[in-house]
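Asks: Next come the chains, spelled out residue by residue.
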Amino acid sequence: MSRWFTATADWVRGRSRRERIGLAAVPVVLVLALVGVLVAGGGGGAGQWLAGAPATTPADESADLGDAGSTPADSGPGPTGPTGAPPPLIHNFADQPAAKPQAAQPSPTGGVRIAEGTDGCDHAYGDRDVCVPWTFPADVTDKCGWLKDRGFESLQIPGKRDRHGLDRNGDGTACGAGD
Amino acid sequence: MPPTEAVPMFSPELRRGLGRLLALTLLLTAGVFIASPAQAAANLVQNPGLEQAGTDGFPACWERSGQGDNTFTLGTTAEARTGGKALRVAVTRLNNGDRKAMMTESAQCAPRVTAGRQYDLSVWYKSTTAANAMTLFRHDKALGWQYWMDPATLPATNAWTQKVVRTPPVPANTDQVTWGVSVYGVGTLTTDDYSMVEVSAAIGTPVACTDANNCIKGKWQVMPYESTVRGVHSVVLHNGKVLLVAGSGNDPNAFAAGTFKTAVYDPANGSFTNVATPVDLFCSGHVQLSDGRVLVMGGNKDYPSADGTVGYKGLKNSYIFDPATNKYTRTNDMLAGHWYPSATMLGNGDIISLGGLGEDSTGTTTTDYYSAASQQWLPMDQVKQTWAWWGLYPSMVLMQDGRLFYTGSHTFGNGLPGTGASIYNYGANTITDVPGLQNKDERDQSMSVMLPPAQAQRVLTVGGGNGDTGATAGRLTDIIDLKAANPAYKAGPLIPQGKLTGGVPQTGAQGKMYVSLVLLPDGTVFETGGALHNRADPVFEASIFDPATNTFKSGMATDPVPRTYHSSAFLLPDGRVMAVGDNPGNGSFDTRISIYSPPYLFKGARPQIKTVTNTNWAYGSTQRITTNGAITRASLIRPAAVTHSSDPNQRFVELPLTVKANNAIDLNVTNNPNVAPPGWYMLFVHNGKGIPSVAKWVKLG
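Those protein sequence lines, which keep their order, are chains A and B. Read left to right, the first sequence gives residues 7 to 185 (our numbering). Read left to right, the second sequence gives residues 479 to 1179 (our numbering).
You may find that some hints are simply not true.
[Unchecked claim] Label-pair distances were calculated between CB atoms; the ranges are:
1. A/R169 to B/D838: 18 to 28 angstroms
2. A/R156 to B/W623: 35 to 45 angstroms
3. A/N175 to B/S1066: 18 to 28 angstroms
4. B/N747 to A/R169: 19 to 29 angstroms
5. B/N964 to A/T115: 30 to 40 angstroms
6. B/N1028 to A/S113: 35 to 45 angstroms
7. A/K166 to B/N752: 32 to 42 angstroms
8. A/G184 to B/N1028: 51 to 61 angstroms
[Claimed, not checked] Cut-off 16 angstroms, straight-line C-alpha distance, at most; resulting in silico cross-link-like pairs (EDC-like, lysine to aspartate or glutamate):
9. A/K166 to A/D145
10. A/K106 to B/D911
11. B/K961 to B/D653
12. B/K619 to B/D653
13. B/K961 to B/D1024
14. B/K961 to A/D101
15. B/K791 to A/D101
16. A/K166 to B/D785
[Stated by the list, open to error] Which stretches of chain B does chain A cover? Using the computed rule of at least three CB atoms under 8 angstroms from a CB of chain A, they are:
17. 566-576
18. 623-633
19. 704-717
20. 873-883
21. 1011-1023
22. 1096-1108
FYI, nobody ran anything at the bench for these hints, they're computed from the structure. Idealized CB from N, CA, C, for every residue including glycine.
For reference, chain A alone in the conformation it holds in the complex (with noise of 0.2 angstroms):
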């Protein structure tokens, strides 16, 4: 290196101070025109600050799917937690500041009534896992056929309440023969 490297220095050593000056240039102008580029970024918007670190360099995005084996390079300090359990950072979202609540209802002497039918169902006709609608669509005017076009079969009435009149032969039978 230093035979190379004490030529180089004496050939320097030998130019004159405007080819001294020339010289040194051509680096300065290589490193200015970098950092031109870097300030400007090449894109519009606003110019970008260069103080402060930058983050840690993206890593890389390509799709390759390659094995990256089951030890991380970077074996950091692994899974971490604070030191000392974090508190939750609740936000006071959803302060409804101009809603009143209702206050709690006093203690009842029992439960809410509940209308029949609230399933849907009137559990009058056929066994009890069978749901003839508690009020039918209101375009159909063929119940038994609507039933039928579903699936369902002729229907017991164990309690003879035909809220709908699909028994019309009145022969227990809801949807059967005859009606």
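Assemble chain B onto chain A, guided by the hints.
Replies: This is chain B only, laid out in the frame that chain A set:
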């Protein structure tokens, strides 16, 4: 004179030296260019070192921020990491709220971002408290500045420490963000040298569809076997199996015979394991406890009377199912009977159960509260009671502050009086109406879900009808942002329409009830199944809702099996969706099993989670995983515990990434148990194409 020897202008040594100098200069220049991609490494933070003072003496492009009842100082300090200034927040008293320095929310100062891109946020800090969290706001072009999320919690440290976290993809309509570090406990935080750099976009390899049709619509497969039980209730267990609870399965003969069924289904091999079932758990409520066991509450004490004049009656029994032994163990009884109860886990692992029918078939107004600490239902004098009637299977979703949002989704009949939706504060024992739910009396058998991610605190409610009035199910959807000061539902997009039996297209306002919503690991919501009327007229339609755009992507493949009353759909750990059950009004029951492979399973190789260093996760921690390639997002999805279009505990929790070298990633876990209640979760990652991994199981809290 001897002849002068000709001397070359440059000696060989000199030529070699000049050549090496030139080469060195070129190498250095090229190296700097390569090592510093001009766009990727550009720091988007204005005044990141805090050295330039603004007109008020505070660092330029920074502002004081925070809220709540607390005492604090916030200013610059000379104790800087670099330069002469850093920011210091000292909180000396805190009742509630937080304090922080934020990048100024202005067009000039807030970093500009591009929707869909991701950014690495970095800050150097020291803190005497563990109560530090990065807080991120975004500027919505239409709505202005909005809270986005708290992507990371910063541990206490007395040495300068760098924290880096990657944002999720920037939401649509966002053009700027600001962020800072919130202090929300007593202590002192010093920060310096902020940075925000755009992450290089993934190298664009075209989506490789392995099947053009399936790549767009996904694909259903009906299993060649049927369920051995009527899967009215479905719970995904942390061993990857599925608990299918039938009880009597809506079969009065089975009830009369005391034949109650449960099976554990293994999707991996199609096997069913019968489980002895102590009582009729048909129409019960259920939720996974924090240890992975399943708490089952209430159920069917009796069917309606033969003449129909007396309705169903609810049990007050309760059991715990243990996946390790496949056995039920009885707990103490609840305070009241509950037929169709809610079951919501709170942030402390406790369970609140509301509504349903009691032992005498009247509506239960008793609040039941299961204590995780004592592993029992609490006695009356330890439970706060509003004595409010909540209806049947009321959908009660846990909010980030511990209150419950009643979404208005329920089973049977009209909505509750008032607006049909409300916020229930168990601690204060108050209920406050929430406006905006459309057509609240026709949301019977609608479904609600907390949209991904849970940190966004948005809820979607879809469809519904009214079995009592015979109403035709509608297409309405409603979306609420529970981050708002006065949250109110706003109309969402209409449910896409499908076809009825025989291929008849739906028309007009026809929608569906008993619809299923399933959170997918790519952050979307699969909508499937349902019927036009109560227990009648299946609708063959499926779509995918994208929370980023609030739109449905219609035309997904449809389950060939009708999925109306007593059906359920839920996510499996392998990223597929399973559907079971159908119980139309004629009393039949379809026990076929369908499994849906979403489009993402036809778009190329799946990323893999290679290692999970620790499977017991603490709140506010970071957890190391390794993958087999680059990923863009990670999430925890709570396994399903669903029945009757109701699974209020279903949620997708964002895990912001801290990306290391060689596909090692630290996942930043929320510090708020109300955002992710304790228990077992499915850990998914997905890549830039939205293709998810198979899940790994981790236990949170």
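Asks: Let me make sure I understand: some of the numbered hints might not hold for this structure. Which ones are they, in numerical order?
Replies: 2, 4, 9, 11, 13, 15 and 19
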